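These protein sequence lines map, in sequence, to chains X and G. Heads up, the first sequence is in the working numbering, so the first residue is 1 and it goes up one at a time. Heads up, the second sequence is in the working numbering, so the first residue is 203 and it goes up one at a time.
These are calculated hints, taken from the structure and not from any lab test. Because the structure is a prediction, the values reported are computed rather than measured. It is possible that some hints are incorrect.
[Stated by the list, open to error] Think about it this way: if two alpha-carbon atoms lie no more than 30 Å apart in a straight line, the pair counts; the simulated DSS-like pairs of lysine-lysine are:
{"hint": "1", "chain 1": "G", "residue 1": "K350", "chain 2": "G", "residue 2": "K314"}
{"hint": "2", "chain 1": "X", "residue 1": "K96", "chain 2": "G", "residue 2": "K229"}
{"hint": "3", "chain 1": "G", "residue 1": "K300", "chain 2": "G", "residue 2": "K395"}
{"hint": "4", "chain 1": "X", "residue 1": "K35", "chain 2": "G", "residue 2": "K410"}
{"hint": "5", "chain 1": "G", "residue 1": "K395", "chain 2": "G", "residue 2": "K433"}
{"hint": "6", "chain 1": "G", "residue 1": "K316", "chain 2": "G", "residue 2": "K407"}
{"hint": "7", "chain 1": "G", "residue 1": "K385", "chain 2": "G", "residue 2": "K371"}
{"hint": "8", "chain 1": "G", "residue 1": "K228", "chain 2": "X", "residue 2": "K96"}
{"hint": "9", "chain 1": "X", "residue 1": "K178", "chain 2": "G", "residue 2": "K323"}
{"hint": "10", "chain 1": "G", "residue 1": "K433", "chain 2": "G", "residue 2": "K299"}
{"hint": "11", "chain 1": "G", "residue 1": "K433", "chain 2": "G", "residue 2": "K407"}
{"hint": "12", "chain 1": "G", "residue 1": "K288", "chain 2": "G", "residue 2": "K300"}
{"hint": "13", "chain 1": "X", "residue 1": "K5", "chain 2": "X", "residue 2": "K23"}
{"hint": "14", "chain 1": "X", "residue 1": "K35", "chain 2": "G", "residue 2": "K323"}
{"hint": "15", "chain 1": "X", "residue 1": "K35", "chain 2": "G", "residue 2": "K350"}
{"hint": "16", "chain 1": "G", "residue 1": "K445", "chain 2": "G", "residue 2": "K385"}
{"hint": "17", "chain 1": "X", "residue 1": "K38", "chain 2": "G", "residue 2": "K350"}
{"hint": "18", "chain 1": "G", "residue 1": "K371", "chain 2": "G", "residue 2": "K299"}
{"hint": "19", "chain 1": "G", "residue 1": "K407", "chain 2": "G", "residue 2": "K425"}
{"hint": "20", "chain 1": "G", "residue 1": "K385", "chain 2": "G", "residue 2": "K314"}
{"hint": "21", "chain 1": "G", "residue 1": "K410", "chain 2": "G", "residue 2": "K316"}
{"hint": "22", "chain 1": "G", "residue 1": "K395", "chain 2": "X", "residue 2": "K178"}
{"hint": "23", "chain 1": "X", "residue 1": "K35", "chain 2": "X", "residue 2": "K23"}
{"hint": "24", "chain 1": "G", "residue 1": "K385", "chain 2": "X", "residue 2": "K38"}
{"hint": "25", "chain 1": "X", "residue 1": "K96", "chain 2": "G", "residue 2": "K240"}
{"hint": "26", "chain 1": "G", "residue 1": "K323", "chain 2": "X", "residue 2": "K38"}
{"hint": "27", "chain 1": "G", "residue 1": "K314", "chain 2": "G", "residue 2": "K407"}
{"hint": "28", "chain 1": "G", "residue 1": "K459", "chain 2": "G", "residue 2": "K311"}
{"hint": "29", "chain 1": "G", "residue 1": "K299", "chain 2": "G", "residue 2": "K410"}
{"hint": "30", "chain 1": "G", "residue 1": "K385", "chain 2": "G", "residue 2": "K288"}
{"hint": "31", "chain 1": "G", "residue 1": "K323", "chain 2": "G", "residue 2": "K385"}
{"hint": "32", "chain 1": "G", "residue 1": "K240", "chain 2": "X", "residue 2": "K178"}
{"hint": "33", "chain 1": "G", "residue 1": "K371", "chain 2": "G", "residue 2": "K425"}
{"hint": "34", "chain 1": "G", "residue 1": "K407", "chain 2": "X", "residue 2": "K178"}
Below, each chain spelled out in residue letters.
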Amino acid sequence: MDLGKIIAIAISMIFVNNFILSKFLGLCPFLGVSKESKPALSMGAAVIFVMTCSSIMTWLIYNYLLLPFNIGYLRTITFILVIAAFVQFIEMVIRKYSNVLYRSLGIYLPLITTNCAVLGVTILNINNFYSGGKAVKASFIYSTFQAFFAGVGFLVALILMSGIRERLELSDVPESLKGIPIAFIVASLMSLAFMGFSGFSR
Amino acid sequence: MNILIPILTLGVLGLLFGVGLALAAKKFCVETDPRLDKVYAKLPGANCGACGMPGCMGFAEGLIQGSCSVEHCVVCSEEAREAIAKILGAGAKANVKKIAVLYCYGGNKRVKDKFVYSGIKNCAAANIIMGGQKACFYGCIGLGDCVKVCPFGAITMSEEDLPIVDEAKCKACNKCVLTCPKKLFSLVPVTGKVFVACSSHDPGKDTKAACSVGCIACGLCVKACKFDAIKVVDNLAVIDYHKCTSCGECVKACPMKTIRVRA
Chain X
1 MDLGKIIAIA
11 ISMIFVNNFI
21 LSKFLGLCPF
31 LGVSKESKPA
41 LSMGAAVIFV
51 MTCSSIMTWL
61 IYNYLLLPFN
71 IGYLRTITFI
81 LVIAAFVQFI
91 EMVIRKYSNV
101 LYRSLGIYLP
111 LITTNCAVLG
121 VTILNINNFY
131 SGGKAVKASF
141 IYSTFQAFFA
151 GVGFLVALIL
161 MSGIRERLEL
171 SDVPESLKGI
181 PIAFIVASLM
191 SLAFMGFSGF
201 SR
Chain G
203 MNILIPILTL
213 GVLGLLFGVG
223 LALAAKKFCV
233 ETDPRLDKVY
243 AKLPGANCGA
253 CGMPGCMGFA
263 EGLIQGSCSV
273 EHCVVCSEEA
283 REAIAKILGA
293 GAKANVKKIA
303 VLYCYGGNKR
313 VKDKFVYSGI
323 KNCAAANIIM
333 GGQKACFYGC
343 IGLGDCVKVC
353 PFGAITMSEE
363 DLPIVDEAKC
373 KACNKCVLTC
383 PKKLFSLVPV
393 TGKVFVACSS
403 HDPGKDTKAA
413 CSVGCIACGL
423 CVKACKFDAI
433 KVVDNLAVID
443 YHKCTSCGEC
453 VKACPMKTIR
463 VRA
């Protein structure tokens, strides 16, 4: 494990391979929860949390269950199962112990349960930090950081989008483009802007 | 034999998660008050926020906890209010119905424009540019933000570019009051029939130059009122609806026809 690599992962996940704007994963919450800044912030926090925890869970399951039995090809369906069950569990725990946290975070958890961005980051962990069916050095730590920064990238995109959409509310948009259509156009322009980062990292 | 491994692994994993979640649901279950859903069903469900709670669900929770009382909901009908009081086991107090009233009668006939505004057609945007295109700084801009924000469709624009509130539809949810960039709306008890149709704090001379029906703060209404219900504050007549009996003397006295009887 070295710091340089973690910084490289951070830049790669936040800017170069931003999950929303470069990989086009998790577009549903991106458009659904980006109308105002405050929910966008909560949603982003929830995504960071879920991504990091899911990544830890799935890495352990992949490493200690799927690999020994030589059934790595089942990872997609297993990961979906793990993530869904885990998020459900977390939701219950939060609801029981912290009403405040549940109010701000809990309502977004079911939205993320089977979100492709979460599944995407867990699969990406396996793709990036396993070679020839074996975990590379410090694979677990890298995976966790990769998931965390993927969540941060999600948050950044969500906040940028919500800022723009708050301003769009006050602007003169043609009738036929009002609401979601203009949001899609904005999203595509943002995505083009993020293309400028491509090539900075692998 | 090989096929059994993946089947068993996934099957056991699924079973584990299933049982685990079932146990967790039992262990971490949160008991909700059965009255909550009943109360919520009786509320209007418009989520207007006039009660100060986050939506109708938040209000229902407040009712159950006792931090709110039913009359804070200005929207729901008298029957619904009684039904909720019955569910909660407490008597609901009587509530005076209010409606939103526009404190301006300028419009495009009585107030001229000071410049041609061709920007975005909403009041919030127009207000940013020198307080809107109207000659009167305090008056209605007339681009209809209140019409758009009203969740009950109670506000329409007249030909004079003035919003008209439909008293039957208005639920006094306060949304137009908050939205109007000039703060021209006010919630007035339905029993109060007279109102001051002006919000201008300019001196009388300036008001008169901008608008033919603006309050010039002459004070004749104050003298005419037998109940001491009108005061002139900061160049503007203000009616105290606790004292006003809607006798109409001020309406007769007003030289500018600013004090009007609600249609």
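Structure-based check of all given hints:
With a C-alpha separation of about 24 Å, the suggested pair K350/G and K314/G falls inside the 30 Å cut-off, and the hint holds. A threshold of 30 Å between alpha carbons decides the hint, and for K96/X with K229/G the separation of about 9 Å falls inside it, so the pair holds. Between K300/G and K395/G, the direct Cα distance comes to roughly 11 Å. Compliance with the 30 Å bound is thereby established for this hinted pair. Taking the CA atoms of K35/X and K410/G, the gap is near 44 Å; set against the 30 Å cutoff, the hint is violated.
At roughly 17 Å between alpha-carbon atoms, K395/G and K433/G fall within 30 Å of each other, so this suggested pair holds. Restraint check: the Cα-Cα separation between K316/G and K407/G comes to about 17 Å, which is no more than 30 Å; the hinted pair holds. With a C-alpha separation of about 21 Å, the suggested pair K385/G and K371/G falls inside the 30 Å cut-off, and the hint holds. Pair hint K228/G plus K96/X holds up; C-alpha atoms about 11 Å apart against a cutoff of 30 Å.
In summary, the hint linking K178/X to K323/G is supported, as the alpha carbons are separated by about 14 Å, within the 30 Å threshold. Between K433/G and K299/G the alpha-carbon distance is near 24 Å, which keeps this suggested pair within the 30 Å criterion. Restraint check for K433/G and K407/G: the C-alpha separation of about 19 Å stays at or below 30 Å, so the hint holds. For the hint pairing K288/G with K300/G, the CA-to-CA distance comes to about 24 Å; that is within 30 Å, so the pair holds.
With a C-alpha separation of about 21 Å, the suggested pair K5/X and K23/X falls inside the 30 Å cut-off, and the hint holds. A threshold of 30 Å between alpha carbons decides the hint, and for K35/X with K323/G the separation of about 21 Å falls inside it, so the pair holds. Taken as a hint, the K35/X and K350/G pair is honoured in the structure, with Cα atoms around 18 Å apart against an allowance of 30 Å. At most 30 Å may separate the alpha-carbon atoms for a hinted pair to count; K445/G and K385/G meet this at roughly 23 Å.
Pair hint K38/X plus K350/G holds up; C-alpha atoms about 23 Å apart against a cutoff of 30 Å. Proximity of K371/G to K299/G is assessed by CA-CA distance (about 12 Å); at most 30 Å being required, the pair is judged to hold. Between K407/G and K425/G the CA atoms are separated by roughly 21 Å; this keeps the pair inside 30 Å, and the hint holds. Annotation: proposed proximity of K385/G to K314/G holds, straight-line Cα distance about 20 Å (limit 30 Å).
Between K410/G and K316/G the CA atoms are separated by roughly 15 Å; this keeps the pair inside 30 Å, and the hint holds. With a CA separation close to 40 Å, the supplied pair K395/G and K178/X exceeds the 30 Å bound. Proposed proximity of K35/X and K23/X is supported: the alpha carbons are some 21 Å apart, at most 30 Å. Taking the CA atoms of K385/G and K38/X, the gap is near 26 Å; set against the 30 Å cutoff, the hint holds.
Taking the CA atoms of K96/X and K240/G, the gap is near 23 Å; set against the 30 Å cutoff, the hint holds. Our distance criterion of 30 Å between C-alpha atoms is met by K323/G and K38/X, whose separation comes to about 27 Å. The straight-line distance between the Cα atoms of K314/G and K407/G is roughly 16 Å, inside the 30 Å bound, and the hint therefore holds. Restraint check for K459/G and K311/G: satisfied, since their Cα atoms lie roughly 15 Å apart, inside the 30 Å limit.
Taken as a hint, the K299/G and K410/G pair is broken in the structure, with Cα atoms around 34 Å apart against an allowance of 30 Å. The hinted pair formed by K385/G and K288/G fails the criterion: a straight-line CA distance of about 38 Å is larger than 30 Å. Restraint check for K323/G and K385/G: the C-alpha separation of about 18 Å stays at or below 30 Å, so the hint holds. For the proposed pair K240/G and K178/X, the alpha carbon gap of about 37 Å is over 30 Å, so the pair is violated.
Distance restraint check for K371/G and K425/G: the Cα-Cα separation of roughly 35 Å exceeds the 30 Å cut-off, and the hinted pair is therefore not satisfied. The hinted pair formed by K407/G and K178/X fails the criterion: a straight-line CA distance of about 44 Å is larger than 30 Å.
Hint compliance for this structure: hints 4, 22, 29, 30, 32, 33 and 34 are not met, and every other hint is.
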